[in-house]
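Asker: The listed protein sequences derive, respectively, from chains Z and A. Just so you know, we're using our numbering here: the first sequence kicks off at 1 and counts up by one. Just so you know, we're using our numbering here: the second sequence kicks off at 1 and counts up by one.
It is worth saying that the hints were derived from the structure and are not from the lab. Here a beta-carbon is modelled for each residue, glycine too, at the ideal position from N, C-alpha and C. Please note that a few of the clues may not be correct.
Unchecked claim - Under the rule of at most 25 Å between Cα atoms (straight-line distance), these lysine-lysine pairs were calculated in the DSS-like manner: (1) A:K39 x A:K96; (2) A:K39 x A:K62; (3) Z:K168 x A:K96; (4) Z:K168 x A:K7; (5) A:K62 x Z:K167; (6) A:K7 x Z:K167; (7) A:K96 x A:K62; (8) Z:K207 x Z:K94; (9) A:K39 x A:K7; (10) Z:K167 x Z:K94; (11) A:K96 x A:K37; (12) A:K62 x A:K37.
Stated by the list, open to error - These stretches of chain A come out as covered by chain Z in the derived footprint (C-beta under 8 Å, 3 or more residues): (13) 14-26; (14) 59-66; (15) 73-82.
This is what each chain is made of:
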Amino acid sequence: MNTPPALEVSALEKHYPRFALGPLDLIVPSGSIYGLIGPNGAGKTTLIDQIFGMGSPDAGTIRVCGLDHEHDEVAVKSCAAYVGPDLSFVAWGKITNAIRFTRGFRPTWDDAYCARLMRDFGISANDRIGTLSFGGRTKLALLLALAWHPQVLVLDEPTTGIDAHTKKAVFVELLGIVRDEARTVFISSHQLSDLERFADHVGVLHKGRLVAEGATGELVERHLQAEWEAENAGAFAHVPGLTLQEHEGPRWRGVLDTMTCPLESLQRRGARDVRTQALTLEELFLALTK
Amino acid sequence: MPSKSIKLLFPPISPAADGTLYEQIVSGVKRAIGDGKMKPGEALPSFRQLAEEMLVSVITVKRAYDELEREGIIFRRQGLGTFVAEGGGDRSRELKIEHARTLLKTAAREAAEAGLKPPDVRRLFLETLNEQP
Chain Z
1 MNTPPALEVS ALEKHYPRFA LGPLDLIVPS GSIYGLIGPN GAGKTTLIDQ
51 IFGMGSPDAG TIRVCGLDHE HDEVAVKSCA AYVGPDLSFV AWGKITNAIR
101 FTRGFRPTWD DAYCARLMRD FGISANDRIG TLSFGGRTKL ALLLALAWHP
151 QVLVLDEPTT GIDAHTKKAV FVELLGIVRD EARTVFISSH QLSDLERFAD
201 HVGVLHKGRL VAEGATGELV ERHLQAEWEA ENAGAFAHVP GLTLQEHEGP
251 RWRGVLDTMT CPLESLQRRG ARDVRTQALT LEELFLALTK
Chain A
1 MPSKSIKLLF PPISPAADGT LYEQIVSGVK RAIGDGKMKP GEALPSFRQL
51 AEEMLVSVIT VKRAYDELER EGIIFRRQGL GTFVAEGGGD RSRELKIEHA
101 RTLLKTAARE AAEAGLKPPD VRRLFLETLN EQP
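Assemble the whole structure, with the sequences as input and the hints as a guide.
Answerer: This is the structure we're talking about:
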């Protein structure tokens, strides 16, 4: 069986007066949870907007489940769901109305699953949407997206403002989704410790470009925090795979991607007393997006 | 599929516990096999099933299974699943002894660096043993 990637972004570019996204290449394999991380303003939401056809790209293509996001827009929207902070359902009044409306145009809507999610997320059909907290509205958006079993679920900051119990319930659902190898979750979040645990792959977006990407555990482990001493200051500027953090006199600190910049290459450049230690995803993120 | 609950078969995975998430799965499975909670030939849960139970990514479980397979503790049958290897329990115990030996070597080196003589190290080790619950 030859399943196309759930999401395939090729040479994507989108230019604004003060910001440029790309050129960006990104592949999200089907059956995985992919975490997109990046500082505020890195282009995460711009990328997600592009996927869902909000504005045309200036260059490049986006394919969702093998379908072109512009040419096959309707097909894309019937296999991919979006949950983001800007969704508003207030106009529907009660939760039950929002559910009835969404259910009406999603042929795969699953009533039993919807009922279970309402229990697990602690929301009731008769609540008024206008009185929900921010977290409550996020839970409703997740419910409306999960309950029709989309093939691709795109989540923009889905766990902001929800409590630890609901967050756990959300991740249980997400892991349940990818149990079916044909379904995929693409999630943009600032909750790095959650992604470190739940995401199969992570991509780090910084100033519109993907600066690091890989299987979560491997990406974290192949990077090392290094400290060393050296006199020759020029030797460490612009070394591929080396991100310098601090430098004072002969003492240096930086993060190495040992795949492109092995320890020996530091020593070859005159580094002495090299000491290394492991990083968490959060520390790696801070180093790469400074 | 194993009939017993997976939840209580392996210890929970926590960032607060020792080792990375996948190492915790490796040692959890080894412990279950070493303790005889899982017998040779018995099926392990699928990656996706275990990921869902342990609340970790699928790739983390896959990596743990890869390592356990390399060490000869479990084996995979295409299309059938993953099973505890014959002698997996012994193999698991051997690896633990090997690991303990490495740790003791490190301890001996650290003690020597601190200026302790062999009799002091021996006394320290016996003290540590007696402290074990």
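Asker: Work down the list of hints and note, for each, if the structure agrees.
Answerer: For each hint, the structure was consulted:
Between K39 of chain A and K96 of chain A, the direct Cα distance comes to roughly 18 Å. Compliance with the 25 Å bound is thereby established for this hinted pair. A distance of roughly 21 Å separates the Cα atoms of K39 of chain A and K62 of chain A; the hinted pair therefore holds under the 25 Å criterion. With a CA separation close to 33 Å, the supplied pair K168 of chain Z and K96 of chain A exceeds the 25 Å bound. Annotation: proposed proximity of K168 of chain Z to K7 of chain A holds, straight-line Cα distance about 16 Å (limit 25 Å).
A hinted pair counts as satisfied when its Cα atoms are at most 25 Å apart, and K62 of chain A with K167 of chain Z qualifies at roughly 24 Å. Proximity of K7 of chain A to K167 of chain Z is assessed by CA-CA distance (about 19 Å); at most 25 Å being required, the pair is judged to hold. In summary, the hint linking K96 of chain A to K62 of chain A is supported, as the alpha carbons are separated by about 21 Å, within the 25 Å threshold. About 40 Å separates the Cα atoms of K207 of chain Z and K94 of chain Z, which puts this hinted pair outside 25 Å; it is violated.
Simply put, K39 of chain A and K7 of chain A have alpha-carbon atoms about 17 Å apart, close enough for the 25 Å limit, and the pair holds. Taking the CA atoms of K167 of chain Z and K94 of chain Z, the gap is about 23 Å. The hint holds against a cut of 25 Å. At roughly 17 Å between alpha-carbon atoms, K96 of chain A and K37 of chain A fall within 25 Å of each other, so this suggested pair holds. For the suggested pair K62 of chain A and K37 of chain A, the alpha carbons sit about 21 Å apart, so the restraint of at most 25 Å is met.
Here's how the segment 14-26 of chain A fares: 4 of its residues keep a CB closer than 8 Å to some CB of chain Z, so the rule of at least three is met and the hint holds. Check on the segment 59-66 of chain A: 3 of its residues sit with their Cβ under 8 Å from a Cβ of chain Z, so the three-residue criterion for coverage holds. Given a C-beta distance limit of less than 8 Å, the hint that chain Z covers the segment 73-82 of chain A is violated, as 0 residues qualify and 3 are needed.
When held up to the earlier numbered hints, the structure conflicts with 3, 8, 15 and fits the remainder.
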